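The residues making up each chain are set out below.
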Amino acid sequence: MTQPVLVARQVTKVFRQGKLEVLALRGIDLEVREGEFLALVGPSGSGKTTFLNLAGALDVPTSGELLVLARSIAALSRAERAELRLRSLGFVFQAYNLVPVLTALENVEFVLELQGEGATRRRTRAMAVLEELGLRDLAGRRPGELSGGQQQRVAVARAVAARPRLVLADEPTANLDGENAEILMHLMRDLRDRQGMTFVFSTHDPRVVAHAVRVVTLVDGRVARDEEKPGEAPHEIVPGLGKSSGAARV
Amino acid sequence: MASLETRYALRSVRRNARRTLLSVLGIGIGCALALYMESMNRGRDELFARVGATSGSGHVRVVPAGWRARRDTRLRLADGQADLQMARSVPGVAAAAPRARAQVLLAMGTHVVPVEMAGVDAAVEPRAYRFAQKVSRGRYLEPGERGAVVVGKATADRLRSDLDDEIVGTAVGRSGSIESAMFRIVGIVETGSDEIDLSVCQVALEDVEELTGLVGAGEVAVVLDDWRSTEAARARLAPGLARGDEAMTWSELNPEFQGHLEQDKATSRFASGVILLIVLLGVASAQLAAVLERRREFAVLSALGMGAWRMVRLVFAEAVALGLAGAAVGLALGLPFVWRFATHGLDFRRWMGSSYSFQGVIFEPILYGDLGPWVVGYALGVGVGATLLASLHPAWFAARTDPAAALRLAP
Chain A
1 MTQPVLVARQ VTKVFRQGKL EVLALRGIDL EVREGEFLAL VGPSGSGKTT FLNLAGALDV
61 PTSGELLVLA RSIAALSRAE RAELRLRSLG FVFQAYNLVP VLTALENVEF VLELQGEGAT
121 RRRTRAMAVL EELGLRDLAG RRPGELSGGQ QQRVAVARAV AARPRLVLAD EPTANLDGEN
181 AEILMHLMRD LRDRQGMTFV FSTHDPRVVA HAVRVVTLVD GRVARDEEKP GEAPHEIVPG
241 LGKSSGAARV
Chain B
1 MASLETRYAL RSVRRNARRT LLSVLGIGIG CALALYMESM NRGRDELFAR VGATSGSGHV
61 RVVPAGWRAR RDTRLRLADG QADLQMARSV PGVAAAAPRA RAQVLLAMGT HVVPVEMAGV
121 DAAVEPRAYR FAQKVSRGRY LEPGERGAVV VGKATADRLR SDLDDEIVGT AVGRSGSIES
181 AMFRIVGIVE TGSDEIDLSV CQVALEDVEE LTGLVGAGEV AVVLDDWRST EAARARLAPG
241 LARGDEAMTW SELNPEFQGH LEQDKATSRF ASGVILLIVL LGVASAQLAA VLERRREFAV
301 LSALGMGAWR MVRLVFAEAV ALGLAGAAVG LALGLPFVWR FATHGLDFRR WMGSSYSFQG
361 VIFEPILYGD LGPWVVGYAL GVGVGATLLA SLHPAWFAAR TDPAAALRLA P
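Line by line, the protein sequences are chains A and B. Using the working numbering, you'd call the opening residue of the first sequence number 1 and step up by one each time. Using the working numbering, you'd call the opening residue of the second sequence number 1 and step up by one each time.
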């Protein structure tokens with residue numbers, strides 16, 4: 001059995017808007033193991049993004065226990081949560097959210113610089129990731145000079161460049177056409193297969209869900225269904241970009 | 001090569017070119033005005049120090065024990081010669097002039113004028129006392145010349161006396177007796193101010209010694225090449241003085257004069273402060289708008305793991321870039337004016353005539369600004385300092401960005 005990277009026990013989240021209280025999560029129980037490729041699905045307002053924000057240490061639960069890489073999110077300070085995100089988590093956003101004034105290469109490098117990598121090492125690493133994702137020729141372009149699909153691939157490159165253990169993607173294909181959505185899912189799946197990274201992504205798109213190994217359905221802030229695809233072959237980690245240990249089985 | 005953070009900051013500054021240009025222009029104008037004001041302040045410092053020092057007090061004056069509290073002209077230095085030698089050995093001293101003062105009643109016929117007579121060394125006094133060069137009729141004292149006096153025109157007029165007239169000086173002697181001596185007027189000083197003219201009455205130091213029975217100098221006026229080194233000169237001078245004698249600066253000697261100067265400076269610095277505050281608020285508003293526009297971007301940076309202090313540093317880096325550009329504009333705008341101010345001065349003759357006096361000091365009617373390498377540091381300090389101050393709130397705001405909430409905002 002592989003290590004859980006994410007454990008949620010009776011996690012709730014309440015948003016307060018003036019006197020109004022909105023119960024976004026009503027007691028989530030979920031365990032995500034290392035190397036999983038998990039899709040969070042459910043209708044709008046079901047709590048997918050809220051849960052991803054909690055899992056990404058961007059927010060803290062109102063109650064319940066949420067462990068990310070064995071650390072309780074509620075017990076961490078802002079600075080500790082930032083450090084956790086920097087060292088162990090990667091994010092892919094629906095709207096790409098690349099820094100517009102930096103080139104594709106610089107966007108990927110940025111996280112590595114935040115981690116304190118030296119200029120040469122981070123450049124080499126960022127270039128290697130871009131190359132792996134077929135973006136080498138676009139390295140010098142700024143986000144405004146890239147298509148949506150290209151921007152999202154750069155965003156994936158940024159998310160995985162620092163070799164995080166858990167990558168969280170909120171509707172990563174929502175702004176992409178079918179072809180680009182397919183390309184992106186193949187890329188993410190490939191990264192998971194070769195590097196053992198854990199991917200948790202939310203989506204509405206059935207074509208994207210088809211790529212998932214495990215599908216968790218949220219309804220009204222609760223886990224309504226948790227399905228694991230039967231017969232999914234354990235992935236192998238191949239050398240190259242990836243890390244050399246921590247092979248995971250789904 | 002600059003770090004990515006720096007490149008990001010620099011490119012962010014260029015994102016909204018119009019806003020950046022307006023901010024830079026605002027900082028630049030504020031900087032230029034502050035430069036001009038500071039040039040005026042420094043020029044005024046120099047003017048006050050120069051005219052104050054050469055109106056009799058010297059930049060530094062060596063005085064006897066007890067003089068600071070009593071200001072008694074009968075007090076004499078413990079060892080005037082030693083103090084004089086010490087003063088002359090201090091680097092940067094342009095002149096050191098010994099003096100002995102006495103309260104004297106000048107009389108000619110039935111006319112009497114009370115004056116403060118100064119016994120001087122005529123060889124060095126003109127270098128320490130600028131009114132010695134304002135002899136309008138006759139001449140100044142010759143070195144070693146006894147029985148001769150130089151008086152101000154107002155004094156001569158009140159005595160109904162003229163050149164070569166003999167006048168009687170009467171003072172209280174050492175033992176309390178009344179002592180008198182005869183002096184021949186060899187020169188009449190005309191400064192344009194009756195107040196100053198009435199204060200001019202110079203004879204040989206030995207004549208005062210003889211008249212009062214008090215031997216030695218009562219002070220040594222020290223004039224420096226550079227008034228800015230006043231404190232340093234005093235510090236070097238003080239330990240070497242004869243026992244009990246002490247060194248006082250021109251501002252200590254003329255507290256009212258110093259007060260007037262400080263008041264003037266405070267007024268112009270207040271004006272500079274108000275200008276800078278207005279600029280600062282404008283820049284703060286622009287910076288805050290820039291941060292608010294990028295809330296989502298800051299949320300992304302936070303999601304990527306950028307800590308609060310790093311975000312503050314990022315906003316500050318942008319502020320420094322703005323401040324440097326503003327300082328450059330400030331120098332470009334302000335330097336021509338400061339240069340003109342320093343070379344041509346501000347002419348107040350239309351309002352105050354050829355000169356005016358205050359506290360026994362005659363001021364020149366043209367005020368020159370100061371121009372030196374300090375302008376670069378000052379402009380950088382004002383430009384960068386103001387923008388950093390203006391960025392405090394935006395930086396705090398950026399650092400406190402709630403990533404989850406900000407990411408919910410529409411892109």
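Hints are computed from structural coordinates only; laboratory data are not their basis. Computed from a predicted structure; not experimentally measured. Errors might be hidden in some of the hints.
To give an idea of the chain B side of the interface with chain A (calculated C-beta under 8 Å), a few residues [what the hints assert, rightly or not]: (1) A2; (2) Y8; (3) R11; (4) N16; (5) A17; (6) R18; (7) L22; (8) D79; (9) G92; (10) A95; (11) T170; (12) G173; (13) V300; (14) A303; (15) M306; (16) V312.
So these bits of chain B aren't anywhere near chain A, every CB distance computed over 10 Å [unchecked claim]: (17) R50; (18) G305; (19) A308; (20) W396; (21) D402.
Every residue gets a Cβ at the ideal spot worked out from N, C-alpha and C, and that includes glycine.
Hints, one by one, checked against the model:
1. Annotation: A2 (chain B) was flagged as interfacial toward chain A, and the flag is violated, the nearest CB pair being 10 Å apart, outside 8 Å.
2. The beta carbon of Y8 (chain B) is positioned within 8 Å of a beta carbon in chain A (closest approach about 6 Å), and the interface hint is therefore held.
3. A least Cβ separation of about 4 Å between R11 (chain B) and chain A falls short of the 8 Å threshold, and the interface hint therefore holds.
4. Against a cut-off of 8 Å between C-beta atoms, the interface hint on N16 (chain B) is violated, since the closest Cβ of chain A lies about 11 Å away.
5. This hint is violated: A17 (chain B) has a C-beta 13 Å from the nearest C-beta of chain A, more than the 8 Å allowed.
6. Below 8 Å, beta-carbon pairs count as interface contacts, and R18 (chain B) has none with chain A, the closest being about 17 Å; its hint is therefore violated.
7. Given the 8 Å rule on beta carbons, the hint for L22 (chain B) is violated: about 20 Å separates it from the nearest Cβ of chain A.
8. Proximity of D79 (chain B) to chain A is violated relative to the hint, the smallest CB-CB distance being about 68 Å (cut-off 8 Å).
9. A cut of 8 Å between beta carbons decides the hint on G92 (chain B): the least distance to chain A is about 51 Å, and the hint is violated.
10. Because the smallest distance between the Cβ of A95 (chain B) and any Cβ of chain A comes to about 61 Å, over 8 Å, the interface hint for this residue is violated.
11. Violation of the interface hint for T170 (chain B) is found here, the shortest Cβ-Cβ separation to chain A being roughly 85 Å, above the 8 Å cut-off.
12. Using the Cβ-Cβ criterion of 8 Å, the hint placing G173 (chain B) at the interface with chain A is not satisfied: the shortest such distance is roughly 83 Å.
13. A least Cβ separation of about 4 Å between V300 (chain B) and chain A falls short of the 8 Å threshold, and the interface hint therefore holds.
14. Taking 8 Å as the C-beta cut-off, the interface hint given for A303 (chain B) holds, the closest approach to chain A being about 5 Å.
15. About 6 Å separates the beta-carbon of M306 (chain B) from the nearest beta-carbon of chain A, less than 8 Å, and the hint is met.
16. For the restraint placing V312 (chain B) at the interface with chain A, the shortest Cβ-Cβ distance is roughly 13 Å, beyond the 8 Å limit, so the hint is violated.
17. Once the 10 Å rule is applied to beta carbons, R50 (chain B) is consistent with being away from chain A; the minimum gap is 54 Å.
18. At roughly 2 Å, the least C-beta separation between G305 (chain B) and chain A is not larger than 10 Å, which violates its mark as non-interface.
19. Not every Cβ of chain A is farther than 10 Å from the Cβ of A308 (chain B); the closest lies at roughly 7 Å, contradicting the non-interface assignment.
20. Distance check for W396 (chain B) against chain A: the nearest CB is about 14 Å away, which clears 10 Å, and the non-interface claim stands.
21. At the 10 Å boundary, the C-beta of D402 (chain B) falls inside the reach of chain A, the nearest C-beta of that chain being 8 Å off.
The structure is inconsistent with the numbered hints 1, 4, 5, 6, 7, 8, 9, 10, 11, 12, 16, 18, 19, 21, although it conforms to all the rest.
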